[in-house]
Structures are given as C-alpha cells and as structure tokens.
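Visitor: Starting from the known structure of chain A, arrange chains B and C on it as the hints suggest.
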Amino acid sequence: MSAIETTRHRRNRGLWIGLALPGAIWLLVLFVAPFYVMLSVAGGGVNEFFQTVVPVWNPLHWSSWNLSAVWHDIFGPGAFIGAPALRTLVYTAIATAISLGIAYPVAYFVSRYAGPRKTLFLVLLIAPFWVSYMMRMLAWIDLLQQGGFVNSTLSFFGLPGNTDWLGGKSVTVILGLVYGYIPYVILVLYAFLDRIDQSMLEAARDLGLSKWRTFWHVTIPLSKPALIAGTFITALPMLGDYYTNQLLSGAPGTTMIGNAIEGQLDSPGEVGQGAVLSLMLLVVLLIPMIYYVVSTARASMENA
Amino acid sequence: MPEMSGGHVKLESLTKRFDDVAAVDDISVEIKSGEFFSLLGASGCGKTTTLRMVAGFEPPTSGKILLDGTDVGNWAPHRRNVNTVFQSYALFPFLTVAENVAFGLKYKSVPKSQRDSRVAEALEMVQLSGYETRRPNQLSGGQQQRVALARALVLRPSVLLLDEPLGALDAKLRRTLQVELGALQKQVGITFLYVTHDQEEALTMSDRLAVMNRGRIVQLGTPEEVYNEPADAFVADFLGVSNLMDAQVEPGGNVKECCHLRLGDFTLEARAGQLDATGAVKVAIRPERIHLHPYQSAGVNRLPGMVERLVFLGSTTHIYVRLATGAALQALMRNEGAGSPYSQGTPVSVDLPADAIRVLPDPGVSVAEIRDETLGDQLLDVTSSVPASS
Amino acid sequence: MASVAGESVTTSPPEPAQVTMRGRVRGNPWRRPWGMEGFTWLYIIWSIVPIAIAVLFSFNKGASQATWQGFSTKWYVGKGVTSVLHNPSLHHAVIQTIVLAGLTTLICVPIGVGFAIGIDRWRSRTSNGLNFLMIFSFVIPELLLAVALFLLVTQGLTFIRLGTPAEVAGLVVWNLSWPAIIVRARLVSIGHHYEEAAADLGASRLGAIRRVLIPMLLPAIFASAVLVFASTVDDFVIVEQVSSTSNTQPMSVLIYSNVHGGLSGPALNALATIMLVVSLIAALIGFVGYRWLSRGERTKGDVEALTAVAGI
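Chains as they are written, first to last, in our numbering: chain A, 74 to 377; chain B, 53 to 442; chain C, 4 to 315.
Chain A with its partners taken away, still in its complex shape:
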C-alpha cells in the first residue's frame, strides 16, 4: 500500500469506520462474545438441582472443575474421549489426503487442458458445490442401505452383497467425509492452479526439463500455495465434523470429537464439560488457523 494511497484515505476516516461499524459490531457481539460466554461456562459450575449451567463471568473466579472432569475423560482411567480425539485426527488426515489426491489431477486437468470445454467441466464441478451437504449424504445413505444399489451391484458381480455399510464402518465415514468436502477442495485448487502462468512451464520445457522433471521441479512448487490452501479449507472444518458420522454410521465405534461435544451438550449437567471440550478443540486448531489467517490476510494486502 503506497504512501500516496494512505494520505488519500485518511481524509475520510469517519466514513470508512462508519461503513465497517455494523459488521464490526456484529462480529464482536456474535463471534467474539459467544466465546467469552463459552469460557465463562467452562469455568463455571452446575446447578445440581436443575442440572443447568451456572456461568461464572469474572475470570478471576473461574474454576477448573469442568476442565479436570474433561481431562479425566480424556486421559484418566475409564477415559472415553481419547479414542474419538485420536480417531478424528486419523479420519481427517486420511480423508484430506484422499481428497487432495483426487482433487489435484481433476483441478489440474480442468484448469490447463480443458480447452474449449472448460465451461462444461466447470459447471459439472461447481454443481455439487451447490448441492446441499444433506442431499449428498442422503444420496449415499440410499445407496448404502442393506437393499441398496451398492450391495446389489456387488452381488451382481459375485461379491458379498450383504455388508452393513451404515452400521459403523470407518471406511464409510472416511469416504463420506471425502465425498462431502471434496467439491470445496477442487474449487480452491482450481482457483489457484488457474493462475499459474503457462509460460513458466513452457520456459522450463524450453530450458531442457523433461515432462516429469518440469512437473516435479516447477509445477509442484508453484502449486504449493494451492495445496496448502486446499488442506486448510478441508482439514480445519473437518476436525469439527460430527454430522457425517451421525448420518453414515451412528455407531460409537466411529465417533469423532464433534460427536463427543454434542453428546455432552445433550446431557444435562455436562454442558460445562462440553464447553471445555470445545475450547480444547479450539486451542488445538488455533495455531493452524492463525497461520492460515495471517497468510491469507498478507496475500490480500500485497495485492492491494
């Protein structure tokens, strides 16, 4: 941002602040404040009689009761949250990797080789983005039912056709996650890959690099921002996912952290612990989130 531009805008500061104010207020009241309430609930107690939450507003009076209960639930004997936590990491890692693995060739093809059919491909890629998550999961629930298409197709080919796909299989949940999140990954990758200058790749070929070498030494490094953005856009929300498991499995063997949080919120008296667990998840995600926010903000500043 050049010095010339700063002086120009400084003249009408009031106007800009005024325009940004409603959004700023909304953010502060409905984005920042809720987390303070969450902290107060986490550091608060329980009304034993009504089994309702008693938030403690003064930070100095926050108790660690809920925190130790949750800690116990994760690490102590009889812990039942440790497994979902670990599982969440594993599921997310695998699902993200698969998503990137599928999305990259597709995005690469459409952005660089589609030629005159680019519009057609884009429509086909963007369409699922507009189909609601519910519909996408519903579609697979229909197909994976005991009497559904997947099983009947398998038995048609002589393979066992009576697997209970929706009864608690990790495979189902992971593939469900992939199916649900991949449209976003493809679009983000496409957006970045589309901007890669073709002449850079041509220059590499011209200078003597083989196709494979060009891909490895030029295309991949140029795709790094794309892959990083794609990973963040997928993995961060996925770590808070609970509905995919709920829809496609519902069994305790495939629960994720999100389900654990939900469970605690539904149980009276455990809302405080739900708050603690949410905050723990937030803390874990804070560093990657900050990294993403800073690099995005910096990128948009540089373009200004």
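These are calculated hints, taken from the structure and not from any lab test. Take these hints with a grain of salt, some might be off.
Below, computed lysine to any residue pairings styled on SDA-like, alpha-carbon distance capped at 20 Å [unchecked claim]:
(1) A:K191 / C:V306
(2) B:K158 / C:G210
(3) B:K308 / B:P413
(4) B:K224 / B:G366
(5) A:K191 / C:G41
(6) B:K158 / C:S130
(7) A:K242 / C:V262
(8) A:K297 / C:I315
The following label-pair restraints were derived from C-beta to C-beta distances [what the hints assert, rightly or not]:
(9) A:I293 / B:K160: 58 to 68 Å
(10) A:L159 / C:R35: 37 to 47 Å
(11) C:T129 / B:R69: 43 to 53 Å
(12) B:D120 / C:N131: 38 to 48 Å
(13) A:P294 / B:A332: 45 to 55 Å
Note that the structure is a prediction, hence the values are computed from the model and not measured. Cβ coordinates follow ideal geometry from the N, Cα and C atoms, glycine included.
Guide: Using the frame of chain A, we list chains B and C on its own:
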C-alpha cells in the same frame, strides 16, 4: 464554445513529502492563462505528484496552489474548477459514452434540457459524434481517450490536467493525437497542464515546459529554449541526444564570445553555453549539428574519428562515430536519396562547429551516471522512438 | 503439454516420435492427456450420479430406495401419504428455509459490503484486527461457533430468543465472510481511479461511492448475495443448535433428524430435491445476473461468471 476566462495557475514553494522523502521539493511556477504547459521528467521525478496536488488528490505538505488568485491547496477535488484526464482514462464501464460525458454535468446544475446539447458539443469537439450509445469496452484506446477528454471538457474547467494520457497508445496514434490535442487546446483556449516523460511529446505540443528531476524544476522555458540552450547536462541529455563529453577549460578564451576547451589531446573552440566556466566542464552538441568530412581534411574544430555503426531510420541515418579521444558521438544525416558515403570502419574527420558546442557546468558525476539519471526509475524508455541518449 | 488455456489441444495431429538433440522424445508431446481426462470424468460420474439417483427416487411410486416402481409425484403433493405439501412439518420446513435464507441474505449482504469497503480504506491496526477476525470466522469449524452461540443466547443475551431470531443472528455472522471477502477482492482489483475521476468531475465522497463504486461492485455484491442465500439453505449446524421447537426447523435440520427413522423414505428425498432445486435456481440467477451486471466490462465471460458464483 463560449470564451474561457481565467486559468492562471501559480505554484508557490510547493512541497510534498512522503515520510522523509520529498517527492516535490519547493517548486514555484507561474502558468499563464490559455497556455499549454508541460511538466517533463523521468519516472519518479515528481511531475505526477505535482499534478495530483493541483487536481486535489494530494494535500500539499507546504506551499500554495493559486488558481486565479485563490489558494485551493486544501480544497477537495470536486470544489476546484479543474478537471483531469487520467492515464488509465477511468471511463465508467457501466455507463454509455454519453452518460460518461454527462456525469459531471449533474453537479453543475445544468438543466436537463441543456445536458444533451452540451454532451453533443463535447463529443463533436473530440470527433466522436455518433458514439453516444456505445460502451467504453467497445471503443479502441484512442477513442476511449477522446471520451475521457470530452468528459472533462464538457464541464468547461479553467484548467485541464492531463496525466500522460497518450502513454497507452501505439506510436503512430500517439503522434496523430499529439497534433490534435495541440489544435484542440488552441481552439478551446483553456490552460492545459500536461505531464509526460516523453520529450518528443513535450516539445511538440507545449508553449512552455518545465523539466523536472528529483522533485525540482531544473529548467523552464519554451521548447526551443530548452532544447537549444539546456541549462545543465541533465536537461541537455534528457531532451534528445546530447553527445555529452568531458572537457577542460583552457586559458586564452574571450569569456564573452568563446571558450577554449581541451578534449583529450585536442583543442576546440566553443561559442555557446557557460563561456565563463573554468576547470572541468561537460560539453554537449546536438547530432544534427555535427558534420562529417573525409579523413584528414583540414579545418577548425575538426577531430579524427571512425564510423562504428550506421542505423537507417528512414528519413534520417544515425551515424555512430568514435573520436580519437575515445568519446562516442552520434551524428545525424538526412536522407537525400544519394545513399550514405560512409560505412562501418570508415575513418572520418568530425566537424564540431564552434557555435554548436555548448559548455555546461560539471555536476560532478560521470556522463554514464547522468544518462542513468535521465532514465529515471525505468530501465528502458521503450515508448520513445528517439532514444534519450545513445 | 503446451496448451494455452482456451485453445484446443487437438489442433495438431499426432506426430511420430522424434529424435531431438536432447535424446529420444517418447511419443507426441502434444498428445491429449487421456489419463487425466478419464480420471476427471470418473470423478464427475462418482460425484453426480448418486445425487441423480436420489432425485430420481423422490419420484418413485413406491417407498423403496432401491427398486424403481414407476413415476409419481405423490411424495411432493400426494394426499394421504407423507408428502411435502400436506405434511405440516415438511411444509413448514420449506417455508422456514426460505424465510431464513431471505432474512439472512437481506441483513448479511449490506453489512458485509459496508464492512468490506470500510475495512479496505480504513487502514489501521483496528481494521486489520477486524479483518483477521472475519477470516477466522471463515475457517473455524461451524460446530464450535454453534455451541458458543447457543451458550450466548441461553446464558448471556437472552433477549435473542432461540428459534428464528437466534438462527438468523448466527447465520449472518457465519456468512459474513462471503460478501466481505468477495467484495473486498473486487474492490482491490478496481483500484482508486474511478472514484478519483468521479471526485474530479464534481462528486462528493459519498456521491462517488453511490454513483460509481457501488455500480462497479454490483456483480460481486450480487454473487455474494446468491452465495449467502445458498449457504443458508444448506446450513444445519448452527440452525440445529439454536433452534427451539420443531416448527422452526428448516429443511436441512428436518432431514438430518429424520434420516435414521421418523419420517422416512422418499419424502426426505423429495425435501432434499426441493432444497437442491432452490439452490440451483439461486445459482442460475446468480450466473445470469452476474453476466448481465458486468456486461460493460470487456473481460467478463462465462468462466468468470461461473467462478464468481462459486465464490472463487
């Protein structure tokens, strides 16, 4: 078009600082009403910043901007009776040509009935009658520039500011429009304040021009004055080829009429420039004033040299000569249909007429450094067909 | 390999392998990447076919999800069965979705656009901080925000009642990043020249924004509005968390809570298909609207409009 009055611009000690850097450093200029005045300089010299201050997009750090006697330095742009033609034209893409031109009329309380006629008048002035319903993206670069011009002129400002408006056009179109702009200005009679880095443009169109360097005005005068009588080595090298050389003043000259110079092993007589200078000086001579004669021919102010390169430019031929002193010169020969008597490697005798040699004060830097300075922030001035320096 | 985006790769016929100075070139370097194209088509089929089947079976005469028993619209409008038109919860769900989406869009877009413009010009630490905050709201898992909002509404600002008010409030903040980011990006690419020109021609600061900036931002504003609308139709995490009675449940939440029992079968498919149609209509309006609004600008074409409507 009703008679325009006013348009007298006076800048008094105008300065603009960004942090610690003075982009415009204590400039004082008086522009007459109805004059075509250019600010000429390389990138980063402060000419655009000066223009923007007159337009109102930058508040000055100190100094005054007097428009017909009133200090408008801190006025908002929309209050000044000054309009700008931007380098990027800034035509509003969502409006038609007519709507673009009519944009500012709304603020001038022009009754609706008169708006259409004023728009038509303005479009006719720029030779775009009939284009009212087109959209900017349907126009060529030259046409867009004319719409931008019409949009500003329709408001009948007392001063029109132009920020390198021809920069985005190709060379031939630029030359045509230069002539048209000059004619338009005379026809309309408004003061034009024109900013450019192209010295050919400035020389073609201006009544007077100011050469700027590092935020300061280095020389101010008519095109002839600035070209023929450059005040220093920078100005000499900026406006066309100057063939700058280092020299030493020798005793024996009559300070009023001529100056004796030592150039390497040779002595020369100079009759132009700062004849009372002493010590080390720079000398400049325009390529069209250099004459080439067959080798070993005799005469005053003749030095031996060798032709290094010939560049055929159509109407002229540039001959690059290397003097025996080591200096490289560029001479100009008109194409008179007889072909060139010289070829690469021919030894020649270079005649530097005494009244064409100009003595300039030595700024203390080498010729190469002066050349770099005239290029400013850019490495190459690819838009100018006549190189600023060889 | 050397295809420029927009040009067909098939213009040169396959050439035999050539020997160059750098060694043998295997095959034709300009041949079409069949592998990648095939892979892409496979992905597209895998991506779209399940949805197509689900839509198809919403028109199934019988209640089965696996065997086709004939075409019928009874799950949509039939009497005597659980159909969208006649079943009160399904019926209300459709209305609630539209109401939520409409309200959220109406509030979120103006606030977001003002935010984008204000933050872009008000350069200070505070504005940077607010910008960070906004991007944070974009990457945080929705569940965390939903829980926090639930707690806020039940424990703190109880004047925001659960149900539609809380849902709208939460949805606005969740979707604020769409107009904020999209309009901001467009703002950056527009630059400051047009407003300067307007000011030069006599417009005041506000006048320049009103007559020049907003019209130039309209395509982006429109695209972000369409995206907010569709995103709200789809949303269920926040809505589920802060909803009250089942009367305020939109389609997404209804489907979610009924998938494993309750209202079963094709009625849910019908509901989901309605959601899909609403979203696709929004997308279509967005695409057409974007193209029409940016018709004065040379570079806008189909691909531009498509990517704008997808938010990238």
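Visitor: Has the hinted range 58 to 68 Å been met by the Cβ atoms of A:I293 and B:K160?
Guide: Cβ of A:I293 to Cβ of B:K160: about 59 Å, so the range 58 to 68 Å holds.
Visitor: Take a quick look at whether A:K191 and C:G41 sit within 20 Å of each other, Cα to Cα.
Guide: Satisfied, since the Cα-Cα distance of roughly 15 Å is no more than 20 Å.
Visitor: Is B:K158 within 20 Å of C:G210, Cα to Cα?
Guide: The hint holds at about 11 Å.
Visitor: B:K224 and B:G366 were given as a pair; does the straight-line alpha-carbon distance stay at or below 20 Å?
Guide: holds (15 Å)
Visitor: Would you mind confirming whether the straight-line C-alpha gap from B:K158 to C:S130 stays at or under 20 Å?
Guide: violated (35 Å)
Visitor: Between B:K308 and B:P413, does the CA-CA distance stay at or below 20 Å?
Guide: Answer holds: B:K308 to B:P413 is near 16 Å, not above 20 Å.
Visitor: Holds or violated: are the alpha carbons of A:K191 and C:V306 at most 20 Å from each other?
Guide: holds (8 Å)
Visitor: Should the hint that C:T129 and B:R69 are 43 to 53 Å apart at their CB atoms be regarded as holding?
Guide: violated (26 Å)
Visitor: Verify the CB-CB distance for B:D120 and C:N131 against the hinted window 38 to 48 Å.
Guide: holds (43 Å)
Visitor: A:K297 and C:I315 were given as a pair; does the straight-line alpha-carbon distance stay at or below 20 Å?
Guide: holds (17 Å)
Visitor: Assuming the hint says 37 to 47 Å, is it satisfied by the Cβ distance from A:L159 to C:R35 or not?
Guide: Check passed, 45 Å falls within 37 to 47 Å.
Visitor: Lying within 45 to 55 Å: is that true of the beta-carbon distance A:P294 to B:A332?
Guide: holds (54 Å)
In terms of the numbered hints stated before, the structure departs from hints 6 and 11, listed from lowest to highest.
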